[in-house]
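All chains should be built: construct the whole structure from the sequences, respecting the hints.
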Amino acid sequence: GDSVTQMEGPVTLSEEAFLTINCTYTATGYPSLFWYVQYPGEGLQLLLKATKADDKGSNKGFEATYRKETTSFHLEKGSVQVSDSAVYFCALSPDILSGGSYIPTFGRGTSLIVHP
Amino acid sequence: DTEVTQTPKHLVMGMTNKKSLKCEQHMGHRAMYWYKQKAKKPPELMFVYSYEKLSINESVPSRFSPECPNSSLLNLHLHALQPEDSALYLCASSQDKGDRVGNEQFFGPGTRLTVL
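So the sequence lines, in the order shown, correspond to chains E and P.
The first sequence begins at 1 in this note's numbering and counts up by one.
The second sequence begins at 1001 in this note's numbering and counts up by one.
Be a bit skeptical, because a hint or two may be false.
[Stated by the list, open to error] In the BS3-like style, the derived pairs of lysine-lysine whose C-alpha atoms are separated by at most 27 angstroms in a straight line are: (1) P:1041 <-> E:49; (2) P:1009 <-> P:1041; (3) P:1041 <-> E:60; (4) E:77 <-> P:1041; (5) P:1036 <-> E:49; (6) P:1022 <-> P:1053; (7) E:49 <-> P:1038; (8) E:77 <-> P:1040; (9) P:1040 <-> E:49; (10) E:60 <-> P:1040.
Calculated directly from the structure, the hints in this document are not laboratory data.
Right under this line is the structure:
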């Protein structure tokens, strides 16, 4: 079945540091890939997405590139802020025409803590 | 309107109570989801409705009963819950265009449920 593997957290950084959160996946065909962010006490919000190989998703200074050859979708940001402190979930939505189901798959989540 | 709303925000109930959670979206999405999320864990899929029909039930106990009265509304009826059912219950929606790949989900803020 489909799976998403994320690096274990928490990730603790100082403000303006560079951020990488690793995400790799296992799935048939060409799934869509997503990063969601969950701030304390809130639901999940879509941060960025990519729907085909070599696509780069970007939003609010965050970027991730869909790498089919390494089955990865790592999240990066050049300079984090205290307000970026949250839990980040990597997720995939299956390739239905390759036999995948409609069930999306989430990674375990990675907590990011940014200190001033 | 790109919002998914959920009511109530917080709910405390006893093990003999009957209550309902409500979710609403006006984005024209035809797929709606219920998730359960425990602290520091990813969301766990409970139910999926596609075009107002229950398409996925992830072996959820019968004390949880979903209902989709129309394309904009999703309810989760609760009865005889256990303390271990205490969690954040998230509703989500997505387009269901029959595309090759699934689409991103839009999440509500969740209902924080406590079962005493």
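Checked hints:
1. P:1041 <-> E:49: holds (21 angstroms)
2. P:1009 <-> P:1041: Satisfied, since the Cα-Cα distance of roughly 19 angstroms is no more than 27 angstroms.
3. P:1041 <-> E:60: holds (24 angstroms)
4. E:77 <-> P:1041: With a Cα-Cα distance of about 23 angstroms, the restraint between residue 77 (chain E) and residue 1041 (chain P) holds, given a limit of 27 angstroms.
5. P:1036 <-> E:49: holds (23 angstroms)
6. P:1022 <-> P:1053: holds (17 angstroms)
7. E:49 <-> P:1038: Distance ~25 angstroms between residue 49 (chain E) and residue 1038 (chain P) Cα, so the pair holds.
8. E:77 <-> P:1040: holds (23 angstroms)
9. P:1040 <-> E:49: With Cα atoms ~23 angstroms apart, residue 1040 (chain P) and residue 49 (chain E) stay inside 27 angstroms; holds.
10. E:60 <-> P:1040: holds (24 angstroms)
Consistency note: the structure conflicts with none of the earlier hints.
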